[in-house]
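Undergrad: What follows is the residue order along each chain.
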Amino acid sequence: MSNFETSDDAAKAELLDLLLQATQDGIVDWNLQTGETTYNARWKHLLGFDSADRVEYHETPDGWRQLIHPDDLGTALRLIDDHLHQGWPLYTTLRMRHRHASYKHILVRGAAQRDQHDKALRLLLVFSDIDERIRDERRRRAELVQSHKLGAMGQLAVGVADEFEAELQLLAENLSLAKTGIDDLLGVELGPSSACHDLPSAIERSRTCVERAAKVARAMKAFAAEDDHEPRPADLKALIENTVVVATSHWRDVAEVELRISPDLPAVPCMRGELSRVLLNLILNAAQAIADVVGSSGAKGKISISAEADATEAVIRVADNGTGIAEHARSKVFEPFFTTKEAATGTGHGLSMAYHRIVERHQGSIHFETELGVGTTFIIRLPLRTATSEPSEPTP
Amino acid sequence: MKHKVLIIDDAETVRRMVVEALEPAGFSVLTASDGFRGIATLKDTHDLCLVIIDLNMPGMSGFGVLDWMRKDRSPHLPPAVFMTTEVSSATLEQAKNAGAIGWLIKPCSTEQLIAVAKRAVARKSERGGG
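Residue numbers (this note's numbering), protein chains in the order written: chain A, 1 to 396; chain D, 1 to 130.
Worth double-checking, as some hints may not be accurate.
Output of the computed footprint for chain D on chain A, the stretches with three or more beta carbons under 8 Å from beta carbons of chain D [stated by the list, open to error]:
hint, region
1, 75 to 87
2, 91 to 98
Result set (DSS-like, lysine-lysine): computed pairs, CA atoms no more than 30 Å apart in a straight line [claimed, not checked]:
hint, chain 1, residue 1, chain 2, residue 2
3, A, K119, D, K106
4, D, K96, D, K124
5, D, K71, A, K332
6, D, K4, A, K119
7, A, K332, D, K43
8, D, K96, A, K119
9, D, K106, A, K332
10, D, K106, A, K12
11, D, K124, D, K43
12, A, K119, D, K2
13, A, K119, D, K124
14, D, K2, A, K332
15, A, K221, A, K237
16, A, K119, D, K118
Because the hints were derived from the structure by calculation, they are not lab data. Bear in mind the structure is a predicted one, so any value in this text is a computation, not a measurement. Ideal placement from N, C-alpha and C gives every residue a C-beta, glycine not left out.
Okay, chain A solo, but in the shape it has when bound (with noise of 0.2 Å):
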């Protein structure tokens, strides 16, 4: 340990030698003053040039500069002006363009050297291969997100078979009537009677519960259908008509669900899937603070869904009038795992992950007015057109 403080010069050279070849990090010694700067021998491999690589641009003052993506050059020098001039910890990952690959995860971390005025005279900037790490938490990431998708069907499936239970049920019922008004029409035994007056509203009734059990299935598949990767324009009215449907058994026993949808709302940009487990991660959440409300009361709360769009964005309101959201809780709503609900209630993921999807997959925002005794609004903003990122000018 001493090794580090030592003042012996030598040993000061070989430590730092040492130490270059352990971690192997590119590096970049930038002097602020001339604009000179000195690459380790490193840095080329990193990017994928080997030592004996005449590749003139990557060792040029700006080298670095130059193959950082496109997209990631405006934060990477917004990053390194607040270090120098605010002192802010320099820590950020970039996309760099390899020589094989296209572009490589690189973690960037630097340090200036100051005078007495704390002006910066010197940067020096560390680059690390994150891009193995960063993909395998990709994986993961994807991993939690299916999971999470598995576990929403799985919880829905079960409404669902409620409901066609219910509808079978009611359809075996009326069948059953229907037969006796046949029997009684084909006049077998006794001529016909009064049964064979309730064949066509049998019949009828028949065929709608035929409807409804159609409407629950049709609303699961496009609730189940295939993910976008990327927002297109949708029709918010009937993905928010298909969401409510499809968790009726969560619902009907203890709110009536109000649809506000402005008739001239265009398509909307947006991830459909990822959309419609937002909004039934809402109305599942709605239906559970009005069930604390109601309990078996038979009483019945209120869940009021609207959507309307200026010209730049969709406002999607998802309100109930339950509980309302406790102020100690209400910093900690999108916080992963965080859940007021018994275990078998919910996994606390939902309503992270709605954050997750709404800020980062849409460029949206999404945040919450509650008031206790009263009740919660969520409300979901999303662009109808996605930003461009500006780059600036660096200022060192």
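With chain A fixed as given, assemble chain D onto it according to the hints.
TA: Using the frame of chain A, we list chain D on its own:
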């Protein structure tokens, strides 16, 4: 008059380290061992030039303290700097958005602590404060 700095950290060693780094440099250091006590000190002390906040504390996190400061908006509240052992792009960005003016990574040197405190004082005088 000495410039006052508040350190909010549940670890006594860290509080002591900050006191030992800043007092010889002419600062007066107040300490709080959790977010709630920190907020009480922030309410009562109207001449702080900087508050250094540990991010991970039991009970109330550093972000909780900063949230309170942002909502309270009293003009006497000092600029805030976070202190952590680990750093991530996401938390850095969150801290910037929440209005922190800087971040120290533990273990930090005496020089780094003094630089941050001086930067806060310079900022205060730029804004016409005391």
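Undergrad: It remains to establish, for every hint, whether it holds in the given structure.
TA: Here is what the structure says about each hint:
1. 75 to 87: Since three or more residues must qualify, the claim that chain D covers the region 75 to 87 of chain A holds, with 3 doing so at under 8 Å.
2. 91 to 98: Per the Cβ count (3), the hint holds.
3. A:K119 <-> D:K106: 22 Å, holds
4. D:K96 <-> D:K124: Judged against 30 Å, a Cα distance of about 18 Å means the pair holds.
5. D:K71 <-> A:K332: 17 Å, holds
6. D:K4 <-> A:K119: At roughly 24 Å apart (the allowed maximum being 30 Å), K119 (chain A) and K4 (chain D) satisfy the hint.
7. A:K332 <-> D:K43: Holds. K332 (chain A) to K43 (chain D) sits at ~25 Å (cutoff 30 Å).
8. D:K96 <-> A:K119: 21 Å, holds
9. D:K106 <-> A:K332: Since the Cα atoms of K106 (chain D) and K332 (chain A) sit roughly 27 Å apart, the hinted pair holds (cutoff 30 Å).
10. D:K106 <-> A:K12: 23 Å, holds
11. D:K124 <-> D:K43: Holds: K124 (chain D) and K43 (chain D) sit about 18 Å apart, inside 30 Å.
12. A:K119 <-> D:K2: 24 Å, holds
13. A:K119 <-> D:K124: Cα-Cα ~18 Å, so holds.
14. D:K2 <-> A:K332: 39 Å, violated
15. A:K221 <-> A:K237: 16 Å, holds
16. A:K119 <-> D:K118: Cα-Cα ~13 Å, so holds.
Hint compliance for this structure: hint 14 is the single one not met.
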